[in-house]
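Asks: Sequence:
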Amino acid sequence: MSSAYAYVDGADLTGLILEIRDEFVRRLPYELDDTRRPNSLRLVALDVFEGKSTGDQVAVMRDLIETDPSFAIARDRDIFEYADTVGAFITDFVCEFVGQVLSRDPSIRAEDDRRSALSAESIEELEEH
Numbered sequence: 001m002s003s004a005y006a007y008v009d010g011a012d013l014t015g016l017i018l019e020i021r022d023e024f025v026r027r028l029p030y031e032l033d034d035t036r037r038p039n040s041l042r043l044v045a046l047d048v049f050e051g052k053s054t055g056d057q058v059a060v061m062r063d064l065i066e067t068d069p070s071f072a073i074a075r076d077r078d079i080f081e082y083a084d085t086v087g088a089f090i091t092d093f094v095c096e097f098v099g100q101v102l103s104r105d106p107s108i109r110a111e112d113d114r115r116s117a118l119s120a121e122s123i124e125e126l127e128e129h
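Numbering (my numbering), first residue to last: 1 to 129.
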């Protein structure tokens, strides 16, 4: 496993991080349908985590609770802006944590930034028409 994830404990959390990383790398920058939804790191994380069974999600949460306490979560934005249920808050928290872990990998961070820029350009084009 990459040394970037060395401080993450627990097989379920580590497995989720690696699964999200692989899925992010595998996907095109945005969906090819009419929505042209960006495949940002956060949205891929949401798709993968929400696709897990409740038992698997709880196992990830258990690992998160036991994660190295020296890993601080950056809180520079409201990650719960769209959360309206307990499950949505938990999902947003898990995906924010995973996103911050994966963003420590420069290649993942650069690709996510590139996809975000493409998404912004796409929105501008739609607004012009």
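Simulated from the structure, these hints should not be mistaken for lab results. The structure displayed is predicted, hence computed values, not measured ones. Hints may contain errors.
Straight-line C-alpha distance at most 16 Å; calculated EDC-like pairs for lysine to aspartate or glutamate [said to hold, decoys possible]:
1) 52 x 105
2) 52 x 19
3) 52 x 31
4) 52 x 92
Asks: A separate judgement is required for each hint: does it hold in the structure or not?
Replies: Taking the hints in turn, this is what the structure says about them:
Between residue 52 and residue 105, the direct Cα distance comes to roughly 24 Å. Violation of the 16 Å bound is thereby established for this hinted pair. Between residue 52 and residue 19 the CA atoms are separated by roughly 11 Å; this keeps the pair inside 16 Å, and the hint holds. For the given pair, residue 52 sits about 21 Å from residue 31 by alpha-carbon distance, which is inconsistent with the 16 Å threshold. Between the alpha carbons of residue 52 and residue 92 the distance comes to roughly 14 Å, so the proposed pair stays at or under 16 Å and holds.
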